[in-house]
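Student: For reference, the chains in residue letters:
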Amino acid sequence: MPEGRSSAPRTLFDKLWDSHRIETDADGEGLLYIDRVCLHERTGSIALAELAARGQSVRRPGHVFCVMDHIVDTRPGRGDATPVPGGENFIIGLRHHAARFGLRLFDVGDENQGIGHLVMAEQGIALPGLTVVCPDSHTCTLGALGCLAFGIGSSETEHVLATSTLRLGKPATLEVVVEGVLAAPATAKDLALVLIAEYGADGGLGAAMEFRGGAVARLDMEARMTLCNMAVEFGAATALVAPDAKTIAYVAKRPYAPAAPPEAAWQALRTDADAAFDHRIAIDAGAVAPRVTWGTSPAQGVNVSGRVPPPRNSSDRRALDYIGLEPGTALTAVPIDAAFIGSCTNARLSDLRLAAAVLKNRRVAPGVAAVCVPGSSQVKKAAEAEGLHRTFQAAGFEWRESGCAMCFYAGGETFGAGKRVITTTNRNFEGRQGPGTRSHLASPAVVAASAIRGRIASPETLDAMVP
Amino acid sequence: MPDELRGKVEPVRPFACHRGIAAPLLRDNVDTDAIIPSREMRRVSKRGLGAGLFANWRYADVGGRLPNPRFVLNQPAYAGASILLGGHNFGCGSSREHAVWALSDFGIRAIFAPSFGAIFRKNCIANGLLPGTVPAADLSTLAGWVAAAPQQNLLAIDLRAGKVSTAKAELAFGIRPGDRQLLLRGLDPIAHTLTAAASIDAFERARFDACPWAKLN
Chain A
1 MPEGRSSAPR TLFDKLWDSH RIETDADGEG LLYIDRVCLH ERTGSIALAE
51 LAARGQSVRR PGHVFCVMDH IVDTRPGRGD ATPVPGGENF IIGLRHHAAR
101 FGLRLFDVGD ENQGIGHLVM AEQGIALPGL TVVCPDSHTC TLGALGCLAF
151 GIGSSETEHV LATSTLRLGK PATLEVVVEG VLAAPATAKD LALVLIAEYG
201 ADGGLGAAME FRGGAVARLD MEARMTLCNM AVEFGAATAL VAPDAKTIAY
251 VAKRPYAPAA PPEAAWQALR TDADAAFDHR IAIDAGAVAP RVTWGTSPAQ
301 GVNVSGRVPP PRNSSDRRAL DYIGLEPGTA LTAVPIDAAF IGSCTNARLS
351 DLRLAAAVLK NRRVAPGVAA VCVPGSSQVK KAAEAEGLHR TFQAAGFEWR
401 ESGCAMCFYA GGETFGAGKR VITTTNRNFE GRQGPGTRSH LASPAVVAAS
451 AIRGRIASPE TLDAMVP
Chain B
468 MPDELRGKVE PVRPFACHRG IAAPLLRDNV DTDAIIPSRE MRRVSKRGLG
518 AGLFANWRYA DVGGRLPNPR FVLNQPAYAG ASILLGGHNF GCGSSREHAV
568 WALSDFGIRA IFAPSFGAIF RKNCIANGLL PGTVPAADLS TLAGWVAAAP
618 QQNLLAIDLR AGKVSTAKAE LAFGIRPGDR QLLLRGLDPI AHTLTAAASI
668 DAFERARFDA CPWAKLN
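Chains as they are written, first to last, in the working numbering: chain A, 1 to 467; chain B, 468 to 684.
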């Protein structure tokens, strides 16, 4: 196959790029072969409708997978109806077009339904060495498996469906070396929030970043997914972690994974010694403590034990005005109205276990609305098999069906205007979780601890709490 | 099935030159949730989204249509604006192409900012909207000149030359060469790529020979 001809040392990204590049045009744009596509009802329905209107076929329907995740209701007993005005049309539209084009659909009620980025990993659809796209910016999550994964727009999605290719300029490469020991209660989420706070919401420079170093190697697969998930909040084009024994073990025996995994080929998917990256960042995992955001950009964050910093510019002032906090306020003094555990960032089994460990034998503070939405129906089932749902429910959390839900108000549900929510999601933008809703990003452990305390809190401080 | 589920194809509009009123929105990290909140993405369609543009900032009442007089695009001085001047990382966040559809539907043809969200930038190109990069200091200069008399001090854009000019000065803006070509040609990207269908087929055959596991039925 048309591998790179050069024997020069290459980064993992270069290898994936070279093995998928069909041609490079006169303007330097590469035409990349795309192995797998994930569609969801929100924009997949539109892309497929446009394709149908063109009279265009889906070039390789067996490589396209559809999920209902963005606007499906997450309340128990759900059907097609959603609280979103007109939302049902997206669900009906995707179902109609998936059937018309012969695409595998993980429909509402399917035991494998879930947030697309979780389903793609759980089902073994995304694999090391593949290219994967989805009209969703958090597709970079799947880079944790060592596949080249891009979030794209609807028009590009139509292009991929019709041609099995994506045209894009080759991004620069960014090496993020993480050494040191990430110690509990700090998690991969906290690591990502530190990185973004230190280098900014555009610190990723539109680059293809690779997380490397001992601390990354020690992360389990789900934590790697959380880390890669946040790459888009860092302004990166995508993120990667080189496949290792953990990756191969994770992928093994999943429904769409090969019966005889090409382990040697997957192990070779790593950056060569001496390969040069365009940019480099080093970060000490040992210095990472539980984090929380105080503003309306994921970059506006501090340690949970910290204080709201003085504003540096008009963006900071605007954020403080929206979030309703004064500079100098201790974050642990900030009362919350709601706690949300869910989303493609932090709603995998390990996340729910972390939260449940904090919630065990405790109760959510009076007046705090608490909701847990498992990231997939498989996660929900696995959590229930361990009895985690009982821990959540006993603590006062609602236990829901899987979907993107309250992460971005797309399910039409919100905690309300002016309400302060501590959330395991990825974006604290103005209005992200509903008009006027104030979002504070944190790890599942911090969200659970805050729910118990009724104020922003780190889990290790709960023991000192007066019951 | 509602009509909007049937889709409707429209050609991509080429972009070469444009002259128009510019409006400053110079804050950093203007995200696509701000450009169009998810609740405004009601239709299974690319059209008619202009009313939802910047809804959280543009309207005084949540979910309503009462104009917020403080928002720049509601001010008479900027009526008819077709160019936006933005801050760093403009269009970051969600991949929703609705953000670009809403901007286009409202009448925006070009945005100048120091940097753009990567997916947003590509979505602009796919819809014939120009995302030009201009250093922050130059943007402040442009914004200052425009603000003195927005309806008179128009900006003139020449994409081929990569220049944006006022009556007094001319600035270079950045754009990737491939993006420039796509905008100038207004090509249908699918039709363009399908001219290379034989190369794609050949590449795919070689890929499946080398990595049979990559092929599903």
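Among the hints, erroneous ones may be present.
Below 27 Å or equal to it, Euclidean Cα-Cα: the simulated DSSO-like pairs (lysine-lysine) are [unchecked claim]: (1) B:K682 <-> A:K246; (2) A:K381 <-> A:K253; (3) A:K253 <-> B:K635; (4) A:K360 <-> A:K381; (5) A:K170 <-> B:K682; (6) B:K630 <-> A:K170.
Calculated from the model, a selection of chain A residues having no Cβ within reach of chain B, i.e. all distances over 10 Å [said to hold, decoys possible]: (7) S19; (8) G109; (9) R167; (10) A385.
Cβ-Cβ distance ranges computed for the label pairs, FRET-style [unchecked claim]: (11) B:A483 <-> A:A249: 41 to 47 Å; (12) B:V529 <-> A:E179: 43 to 49 Å; (13) A:A8 <-> B:G530: 52 to 58 Å; (14) B:A677 <-> A:A53: 24 to 30 Å; (15) B:Q542 <-> A:A217: 51 to 57 Å.
It should be emphasised that the hints constitute simulated quantities derived from the structure, not laboratory data.
Nothing here was measured: the structure is a model prediction, and the numbers come from that model.
Using N, Cα and C, we set each Cβ at its ideal position, and we do this for glycine too.
Student: All hints, please: hold or fail.
Tutor: Each hint, compared with the structure:
A threshold of 27 Å between alpha carbons decides the hint, and for B:K682 with A:K246 the separation of about 23 Å falls inside it, so the pair holds. With a C-alpha separation of about 18 Å, the suggested pairing of A:K381 with A:K253 holds against the 27 Å cut-off. Restraint check: the Cα-Cα separation between A:K253 and B:K635 comes to about 67 Å, which exceeds 27 Å; the hinted pair is violated. In summary, the hint linking A:K360 to A:K381 is supported, as the alpha carbons are separated by about 19 Å, within the 27 Å threshold.
Between the alpha carbons of A:K170 and B:K682 the distance comes to roughly 25 Å, so the proposed pair stays at or under 27 Å and holds. Proposed proximity of B:K630 and A:K170 is supported: the alpha carbons are some 25 Å apart, at most 27 Å. Look at A:S19: its CB is around 8 Å from the nearest CB on chain B, not clear of 10 Å, so calling it non-interface is violated. Taking the minimum C-beta to C-beta distance to chain B, about 21 Å, the non-interface status of A:G109 holds against the 10 Å cut.
Listed as outside the interface, A:R167 is inconsistent with that label: its C-beta sits roughly 7 Å from the nearest C-beta of chain B, within the 10 Å cut-off. A:A385, annotated as away from the interface, keeps every beta carbon of chain B farther than 10 Å; the closest lies near 29 Å. Between B:A483 and A:A249 the CB atoms are about 55 Å apart, so this pair departs from the stated range of 41 to 47 Å. The hint said 43 to 49 Å for the Cβ distance between B:V529 and A:E179, and at roughly 47 Å that hint holds.
One distance hint, 52 to 58 Å for the beta-carbon pair A:A8 and B:G530, holds here, with the actual separation near 57 Å. Between B:A677 and A:A53 the C-beta distance comes to about 36 Å, which lies outside the given range of 24 to 30 Å. Between B:Q542 and A:A217, the C-beta spacing of about 54 Å keeps the proposed range 51 to 57 Å intact.
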